[in-house]
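Enquirer: Each chain, written out:
Protein chains: 2
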Amino acid sequence: MRIALDAMGGDEAPLKIVEGGLQALKEANNRFELVLVGRKDEVQMEVSLHSPEGLNYSVVDAPEVIEMSDIPNVALKQKRNSSIVVGLNLHKERKVDAFISAGNTGAFMAASALILGRIHGVSRPAVGTTLPTVDGNSCFLIDSGANSDCRPQHILEFGVMGTIYAREIMKKENPTVALLNIGEESSKGNELALLSYPLLEKSGLNFVGNIEGRDILIGKADVVVADGFVGNVVLKFAESILPTLKSRLKLYASGNIFRKLQVGVMADTLRKALKGFSYEMLGGAPLLGVNGISIIGHGGSTTLAVKNMVLRAEEMVNHRISELIRNSIKKEK
Amino acid sequence: MRIALDAMGGDEAPLKIVEGGLQALKEANNRFELVLVGRKDEVQMEVSLHSPEGLNYSVVDAPEVIEMSDIPNVALKQKRNSSIVVGLNLHKERKVDAFISAGNTGAFMAASALILGRIHGVSRPAVGTTLPTVDGNSCFLIDSGANSDCRPQHILEFGVMGTIYAREIMKKENPTVALLNIGEESSKGNELALLSYPLLEKSGLNFVGNIEGRDILIGKADVVVADGFVGNVVLKFAESILPTLKSRLKLYASGNIFRKLQVGVMADTLRKALKGFSYEMLGGAPLLGVNGISIIGHGGSTTLAVKNMVLRAEEMVNHRISELIRNSIKKEK
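So the protein sequences, as listed, match chains A and B. First residue of the first sequence? That's 1 in my numbering, and the numbers climb one at a time after it. First residue of the second sequence? That's 1 in my numbering, and the numbers climb one at a time after it.
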């Protein structure tokens with residue numbers, strides 16, 4: 001197996017990306033080959049800092065870089081030799097089994113759909129993100145941002161793809177699927193929700209009805225389906241919770257030595273108690289519905305986050321997620 | 001001034017409602033008259049427990065109660081003598097200057113629009129909620145759930161109404177208004193966001209562009225406009241943060257005495273640091289755009305929450321919010 005990693009994508013690329021990739025390789029005892037895609041010299045230099053002797057890696061040159069600030073469609077046309085385009089082409093040509101990037105999300109999503117193509121029967125590839133739940137478990141929110149305007153059929157497909165991911169990767173037996181809505185009754189919601197409900201209900205999915213915003217973190221369902229606009233707003237809001245908590249504690253402590261001590265003492269406990277609430281543990285966000293394994297990383301990906309994404313990619317390849325989606329979508333239609 | 005309170009609405013009504021209302025009256029030194037609407041005997045009994053001598057209150061009988069589980073439109077037709085209907089009719093007849101209910105939200109919203117009527121020029125009354133921000137400040141999210149499907153014109157009106165509320169009640173000079181979206185550029189978003197952006201831009205509002213989910217708690221804007229579906233999902237999600245934090249700490253501490261001690265020690269600090277992050281402080285959610293002052297309380301309203309809602313209602317009456325909205329909407333059209 002070969003897993004390719006965009007060495008140039010992410011706020012702290014190539015440093016954290018290379019480091020995280022090599023850590024995954026070590027942890028996996030060279031079970032797969034890590035293919036680092038990026039500016040060859042820069043990447044080699046970075047690799048050399050991590051005693052790479054005996055590690056199963058290679059570097060593929062991609063002289064261009066799509067920056068975070070680039071406009072996706074423009075960048076894809078102009079930067080044909082960027083790490084994102086080169087990496088996805090490797091995947092398309094079956095020279096690698098998965099591609100991961102923490103770079104420009106818009107460009108990566110567009111390029112994935114364009115280069116890998118949609119799975120036959122999937123109307124819209126969608127991003128899924130794993131959110132932690134209070135019980136120490138997690139739920140899968142799909143779509144988290146690929147599709148702003150959706151039709152009921154898309155929501156149904158998100159449910160199908162999410163179910164496969166939750167079963168294979170999150171190890172949920174017969175995953176429950178819920179529709180994110182503003183009330184529990186089937187009569188509640190906007191037009192999209194009202195029309196999606198009956199489709200989900202008569203699908204073969206383990207549909208448990210509507211859930212509200214407050215039920216997500218409680219873990220009322222294994223898979224939560226929503227259009228990409230709502231999903232993305234919720235995801236971004238969720239990501240802001242820990243930083244908000246931190247800032248708030250800092251504000252509380254500022255200018256008061258006694259309070260500073262209190263906060264200092266509790267910080268460590270808080271960190272431990274909230275472990276798992278950080279995106280670093282979650283293995284990135286897969287773009288489901290494309291022909292291949294395409295994993296989107298957080299722009300601020302740390303070494304730990306990258307390591308977990310690489311290991312997650314291996315798992316997704318092993319479980320043949322794309323193939324399972326292809327078969328399930330066919331059946332659902 | 002007379003402020004009417006639905007004594008029967010809320011999970012712990014009439015106990016907490018009556019208690020909170022009387023506390024507000026005491027704190028305000030009888031500046032206004034508190035009108036308690038509900039089953040007369042029950043309410044009188046409850047009042048008598050709080051040494052009401054010298055307090056400026058009255059009780060209006062409403063023998064029926066719309067339960068939390070009632071279907072709004074059905075309940076409004078069948079329970080014409082419910083506290084919600086009786087209270088809103090008092091307001092319509094100008095016998096009271098505001099009405100507050102922590103009861104069935106759907107029924108209360110529908111009845112407010114029906115009985116009080118829309119302000120001329122307002123297409124859709126909307127619920128605004130005050131969310132705390134990291135800097136110890138707050139922002140106003142409108143619409144938080146009254147309108148599931150919106151048109152751009154509605155979003156613009158939410159901006160107008162939110163601006164007035166933020167200026168008059170939240171004391172923001174020239175409040176900034178942002179559109180909740182999934183990217184900062186004006187080219188981002190779903191169809192509604194794309195069409196709303198130019199309307200907001202050319203309005204007389206202090207429009208600062210799009211913000212993402214993560215920017216809400218940071219306080220990037222004083223007023224955040226969204227359709228009621230997205231707004232409600234975010235609001236409910238936000239409400240689940242503190243309970244989630246609590247559960248997570250409990251889970252962390254369970255079965256380990258040392259950890260239990262750690263969590264016990266930090267709980268108090270955490271509570272103080274996060275003060276203001278609780279809905280109790282926020283004075284309820286006004287339904288803006290109706291002819292009158294209609295404030296929606298959280299179903300789980302505590303005494304403190306009710307007290308703050310009553311005082312907020314007084315402020316809204318003093319600032320003639322409805323009249324200001326009427327004039328501003330006219331200008332904007």
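What the hints contain is simulated information worked out from the structure, not anything from laboratory work. For each residue, glycine too, the CB sits at the ideal point set by N, CA and C. Among the hints, a few may not be true.
[Unchecked claim] In the DSS-like style, the derived pairs of lysine-lysine whose C-alpha atoms are separated by at most 25 Å in a straight line are:
hint	chain 1	residue 1	chain 2	residue 2
1	B	Lys272	A	Lys275
2	A	Lys272	B	Lys250
3	B	Lys188	A	Lys79
4	B	Lys275	A	Lys275
5	B	Lys95	B	Lys40
6	A	Lys250	B	Lys272
7	B	Lys250	A	Lys246
8	B	Lys331	A	Lys236
9	B	Lys236	B	Lys246
10	B	Lys246	A	Lys250
11	B	Lys188	A	Lys220
12	B	Lys95	A	Lys188
13	A	Lys172	A	Lys79
14	B	Lys331	A	Lys246
15	B	Lys260	A	Lys236
16	B	Lys260	A	Lys260
17	A	Lys272	B	Lys188
18	B	Lys40	A	Lys188
19	B	Lys95	B	Lys202
20	B	Lys246	A	Lys260
[Unchecked claim] To be clear about the criterion: a stretch of chain A counts as covered by chain B if any three or more of its residues have a C-beta under 8 Å from a C-beta of chain B, and this derived list gives those stretches:
hint	segment
21	17-30
22	130-142
23	145-157
24	288-299
[What the hints assert, rightly or not] Quick list of the computed label-pair ranges, beta carbon to beta carbon:
hint	chain 1	residue 1	chain 2	residue 2	range
25	A	Ser69	B	Leu195	43 to 51 Å
26	B	Asn30	A	Lys246	38 to 46 Å
27	B	Gly117	A	Leu261	52 to 60 Å
Enquirer: Any of the earlier hints contradicted here, and which numbers?
Expert: 8, 11, 12, 13, 14, 15, 17, 18, 19, 21, 24, 25
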